[in-house]
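*Asks:* Listed below, chain by chain, are the residues.
2 protein chains.
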Amino acid sequence: MTANLNPHISVDCVIFGFDENELKALLINRDPSEDPASSGKLKLPGDLIIRGEVLIHAAERILAELTGLHDIYLKQFGIFDDPGRLDSSDDLKWLQERSGLPVERVITVAYYSLIKIDKRIPTDLSIAYNAQWYPCSSIPAMIFDHNMIAESGLDTLRREMLTEPLCFELLPEKFALNQLQRLYEAILGCSLDNRNFRKKIQRLPYIVPLNERQNGVRHKPALLHVFDNEKYISIKKDNTVFII
Amino acid sequence: MTANLNPHISVDCVIFGFDENELKALLINRDPSEDPASSGKLKLPGDLIIRGEVLIHAAERILAELTGLHDIYLKQFGIFDDPGRLDSSDDLKWLQERSGLPVERVITVAYYSLIKIDKRIPTDLSIAYNAQWYPCSSIPAMIFDHNMIAESGLDTLRREMLTEPLCFELLPEKFALNQLQRLYEAILGCSLDNRNFRKKIQRLPYIVPLNERQNGVRHKPALLHVFDNEKYISIKKDNTVFII
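Going down the list, the protein sequences come from chains A and B.
Counting the first sequence from 1 gives a position; our numbering is that position plus 1.
Counting the second sequence from 1 gives a position; our numbering is that position plus 1.
A couple of the hints might just be wrong.
A pair holds if it fits inside one copy or across any two, identical chains being indistinguishable in the list.
Straight-line alpha carbon distances no greater than 20 Å define the calculated DMTMM-like cross-link-like pairs of lysine to aspartate or glutamate that follow [what the hints assert, rightly or not]: (1) Lys237 x Glu165; (2) Lys76 x Asp156; (3) Lys237 x Glu161; (4) Lys76 x Glu161; (5) Lys201 x Glu105; (6) Lys44 x Asp32; (7) Lys25 x Glu161; (8) Lys94 x Glu21; (9) Lys44 x Asp82; (10) Lys221 x Asp72; (11) Lys232 x Asp119; (12) Lys221 x Glu165; (13) Lys76 x Glu98; (14) Lys94 x Asp125; (15) Lys120 x Glu54; (16) Lys117 x Glu54; (17) Lys237 x Glu170; (18) Lys42 x Asp194; (19) Lys42 x Glu98; (20) Lys117 x Glu165; (21) Lys94 x Asp156; (22) Lys120 x Asp83.
Source of the hints: derived by calculation from the structure; they are not laboratory data.
Keep in mind it's a predicted model, so treat the numbers as computed, not measured.
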């Protein structure tokens with residue numbers, strides 16, 4: 002295994018999910034445990050890249066091993082290259098022991114991923130490393146610079162969701178408008194006016210109402226909608242912003 | 002020197018300049034030569050990072066050594082990680098000899114840079130490596146995957162100049178509108194209608210006409226303009242595009 006690792010480059014993933022009320026991130030324990038309820042040091046899912054492996058494949062591997070999911074939204078958003086990012090001596094020692102390499106510096110390439118929280122399949126790895134969802138509003142302390150990476154991933158998501166239809170990666174295929182509103186509120190960290198929000202949405206031809214209502218909810222079942230990606234792409238093409 | 006290099010990570014720079022008619026990129030010879038006019042194998046300016054050096058500092062170092070310029074526009078645009086990107090045996094052998102390291106794989110982080118072509122100062126390094134401007138429309142063959150990196154940098158510039166005021170990094174502080182138009186035409190690779198272009202520009206409050214005309218031109222001297230960045234930022238803030 003040792004000879005197959007590239008000691009200088011890793012990939013870390015900020016995996017976002019939305020559970021109807023809160024935006025959450027999937028974190029794992031640093032060490033595997035026989036007792037899945039044990040709470041050890043936390044980290045982002047990630048790994049040194051394997052010799053000959055391209056970065057995106059490393060990110061896909063990490064995601065698939067942990068969530069059982071393939072073909073999910075994955076976007077590179079940053080490179081973390083501070084020479085001192087591994088400096089906490091205990092964490093560095095852990096990395097050297099785990100990799101069997103005299104690692105002293107690792108540059109990590111960060112990806113964020115958006116998954117439909119209910120689609121995740123419990124995998125052996127996610128059980129061994131006690132993978133759990135944590136609210137993005139109060140992410141606990143992690144090793145290395147992983148808190149900074151998670152914060153930067155969240156900033157990127159906040160910015161990019163304003164110009165890209167990312168929110169639909171986090172919602173079920175069919176969603177009610179109040180789910181969409183709650184998601185926006187959760188990511189942007191603010192509350193939006195119900196009436197204005199609905200008015201705005203009704204002007205968007207790519208959010209299409211269905212002849213179908215919610216099932217098994219306690220409140221009055223709301224009308225379901227879908228996102229029409231083809232319509233979105235054709236409209237976006239006509240609205241490219243030119244600086245001049 | 003050998004011990005100070007990180008054999009796995011490099012930085013490469015696509016340095017763009019505009020000479021009034023054409024968009025150009027600054028390329029160097031692979032090997033230094035006593036005869037500055039000698040034409041050897043070409044490459045993008047770049048280097049393995051030094052141990053403890055962050056990527057942006059490596060890019061700044063490469064730019065300063067080659068152009069004599071500091072504080073110029075520099076933007077990370079991609080990571081090139083194909084395990085086979087160094088596979089041409091002659092070029093790989095060159096890299097191993099030059100670095101004194103058994104390099105077999107290098108992941109490179111690419112930056113593009115925009116400079117005012119007349120501000121470049123001839124440095125010892127640029128003379129030794131015969132740094133020359135080449136038209137982006139016909140960049141000659143380079144080593145490794147450097148043609149692909151240059152092409153990707155150009156694609157990024159084309160895309161980002163539509164939403165960011167990048168063109169003013171390439172123009173002199175005071176410019177005529179036909180210079181701005183020629184720059185757009187050069188980057189986008191198309192010709193724009195004169196009258197429409199002028200009409201569009203006149204609606205933009207951040208392109209400010211001066212009480213001053215061109216000097217020493219053969220044609221009728223045109224009115225000079227400046228870009229008002231503060232005005233641009235305040236207008237941009239009011240026009241953030243929301244997907245919903």
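*Asks:* Next step is simple, just say for each hint if it's right about the structure.
*Replies:* Comparing the hints with the structure gives:
For a Cα distance limit of 20 Å, the shortest separation of lysine 237 from glutamate 165 qualifies both inside one copy, at 10 Å, and across copies, at 18 Å. Both within a single protomer and between protomers do lysine 76 and aspartate 156 lie at most 20 Å apart by alpha-carbon distance, with minima of 13 Å and 19 Å respectively. Taking the shortest alpha-carbon separations for lysine 237 and glutamate 161, both the intra-copy value of 15 Å and the inter-copy value of 16 Å come in at or below 20 Å. Within a single copy, lysine 76 and glutamate 161 get their C-alpha atoms as close as 11 Å, and across copies as close as 18 Å, so both meet the 20 Å cut-off.
In this homomeric assembly, lysine 201 and glutamate 105 never come within 20 Å of each other (Cα to Cα): the closest approach is 52 Å inside a single copy and 54 Å across copies. In the homo-oligomer, the alpha carbons of lysine 44 and aspartate 32 lie at most 20 Å apart inside one protomer (10 Å), although the nearest pairing across protomers, at 44 Å, exceeds that limit. Taking CA atoms no more than 20 Å apart as the test, lysine 25 paired with glutamate 161 passes inside one copy only; the shortest distance there is 17 Å, against 31 Å between copies. Taking the closest pair of Cα atoms, lysine 94 and glutamate 21 never come within 20 Å of each other, the shortest separation being 40 Å inside a single copy and 56 Å across copies.
Proximity of lysine 44 to aspartate 82 under the C-alpha cut-off of 20 Å is restricted to the intra-copy arrangement: shortest distance 17 Å within a copy versus 25 Å between copies. Taking identical chains as interchangeable, the C-alpha atoms of lysine 221 and aspartate 72 are never at most 20 Å apart, the minima being 34 Å within one chain and 60 Å between chains. In this homomeric assembly, lysine 232 and aspartate 119 never come within 20 Å of each other (Cα to Cα): the closest approach is 27 Å inside a single copy and 47 Å across copies. Taking CA atoms no more than 20 Å apart as the test, lysine 221 paired with glutamate 165 passes in neither setting, with 31 Å inside one copy and 46 Å between copies.
For the homomeric pair lysine 76 and glutamate 98, neither the shortest alpha-carbon distance inside one copy (30 Å) nor that between copies (36 Å) is at most 20 Å. With identical chains, the CA atoms of lysine 94 and aspartate 125 are never at most 20 Å apart, being 26 Å at best within one copy and 44 Å at best between copies. In the homo-oligomer, the alpha carbons of lysine 120 and glutamate 54 never lie at most 20 Å apart, since the shortest distance is 27 Å inside one protomer and 41 Å across protomers. Proximity of lysine 117 and glutamate 54 under a CA criterion of 20 Å is satisfied in neither setting, with 27 Å inside one chain copy and 39 Å between copies.
Taking the shortest alpha-carbon separations for lysine 237 and glutamate 170, only the intra-copy value of 18 Å comes in at or below 20 Å, while the best inter-copy value is 28 Å. For the homomeric pair lysine 42 and aspartate 194, neither the shortest alpha-carbon distance inside one copy (40 Å) nor that between copies (62 Å) is at most 20 Å. When the C-alpha separation of lysine 42 and glutamate 98 is checked against a cutoff of 20 Å, the pair qualifies only within one copy, where the shortest distance is 16 Å, while the shortest distance between copies is 43 Å. Taking the shortest Cα distances, lysine 117 and glutamate 165 sit within 20 Å of each other inside one copy (17 Å), while across copies they are farther apart (33 Å).
With identical chains, the CA atoms of lysine 94 and aspartate 156 are never at most 20 Å apart, being 31 Å at best within one copy and 43 Å at best between copies. For the identical chains of this complex, lysine 120 and aspartate 83 are neighbours neither inside a copy (35 Å) nor across copies (31 Å), given an alpha-carbon limit of 20 Å.
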